[in-house]
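Asker: What follows is the residue order along each chain.
Protein chains: 2
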Amino acid sequence: MSMDFGYDVVTAEEYDRQRSLYGPLTESLRRLIAAGLHTEVDEDTVREARAAIDAVTGMLERKQRPATAVLHEATGRPLVWANPAVGLRNAIAPPMEIQHEDSGRCWSEFTLGAAYEGPPGWVHGGICALVLDHILGEAASDGLTQPKFTGTITLRYLRGTPLGPLRAEAYIERTEGAKTYARGYLSDAEGTTVEAEGVFIVPAWARDAG
Amino acid sequence: MSMDFGYDVVTAEEYDRQRSLYGPLTESLRRLIAAGLHTEVDEDTVREARAAIDAVTGMLERKQRPATAVLHEATGRPLVWANPAVGLRNAIAPPMEIQHEDSGRCWSEFTLGAAYEGPPGWVHGGICALVLDHILGEAASDGLTQPKFTGTITLRYLRGTPLGPLRAEAYIERTEGAKTYARGYLSDAEGTTVEAEGVFIVPAWARDAG
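Protein chains in written order, with our numbering: chain A, 11 to 220; chain B, 11 to 220.
These are computed hints drawn from the structure, not numbers from a lab. By construction, the Cβ of each residue, glycine as well, lies at the ideal position given by its N, Cα and C atoms. Among the hints, erroneous ones may be present.
Output of the computed footprint for chain B on chain A, the stretches with three or more beta carbons under 8 Å from beta carbons of chain B [stated by the list, open to error]:
1. 22 to 34
2. 57 to 65
3. 138 to 148
With the Cβ distance kept under 8 Å, some of the chain B side facing chain A (calculated, not the full set) [what the hints assert, rightly or not]:
4. Leu35
5. Gly46
6. Thr49
7. Leu70
8. Ile102
9. Tyr167
From just these sequences and the hints, can you work out the full model?
Answerer: As structure tokens, then:
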């Protein structure tokens, strides 16, 4: 599979170097997104802010890496640094950091702040769906090492999910041919807020290649 | 309902002023997020970029508006400018701009770029879930004018959703007491990519108040 996709491989050392270089840049960007949500600064300040932001965009565009996928040499897992759920380098992502148990179970603890708010004080229902779709997919694909796409997913919202520290968890229930059935949930300190079940499917091209 | 939530009301004129002031600021921020995904600039440039970003954050934090909800005077709809799906002022949002037909049907045409990518070239399945949850909720709640929360939602992924221009659409199928059943889909130029059905529920406090 790695050959088909033209993966680059990154050593643990280079991974750590890039992580410590670009991780804090993205963290700064997340704080800027949060500051922009409710700012009421005047027109001159907005103009000055825009000019500064556009200048930074120009700086970062000076050198861009090709969008080929990168595999971590030691774990064999793709880095997916630009992913909107787990991407260390995508300011849209909380980011979730996924923990993989030997049993195949996955979990992640992360915090959702004001940028993920739907109804006042609560996480947007669609953001709950995003994090659950992602972690069920991680469980179903053994940490994204197998090509599997969401077939169907059902989410049951038991109650509102408050903004703040949360936990997501997922595991494989069973596998039938090309279909993997996964389950999981999102929870706060009081217990489960959203339950999820999904079917993840190996695409035809990967079945043929297998 | 507006009184219970402590809504502020904004005139059409003030709405337009804020929109033209803060909209382009958020657009600049979205371009910066995209530039950060795959930048390969060196350590000195990253340090310079971070310092500039942190300085802008400080500028925007100088004056923040209270997080009370704001109603548009003419339409009676909440602005939800900080919403992660439709928020004009949330750089995480594409943003979707929702069109409301007299029939109650909602639709939106928007573009999803590299920041929303899951598998190479395709929209992340969880982002499809985010935009569909949001537009089904808009249909079920008459443009967010009624308090309704997602009860359950099921998404069927018919095929991959390519990055690029997309359309989402939703409508109410039926209403039974406190439950509203909505359906919708996401599509590209070739047709439907993801189907969704959901149940949206009036919370107990709003039923009691009704």
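Asker: Each hint: holds or not?
Answerer: Each hint, compared with the structure:
no.	hint	result
1	22 to 34	holds (count 3)
2	57 to 65	holds (count 7)
3	138 to 148	holds (count 7)
4	Leu35	5 Å, holds
5	Gly46	6 Å, holds
6	Thr49	4 Å, holds
7	Leu70	4 Å, holds
8	Ile102	5 Å, holds
9	Tyr167	5 Å, holds
Going down the numbered hints, you'll see the structure goes against none, and every one checks out.
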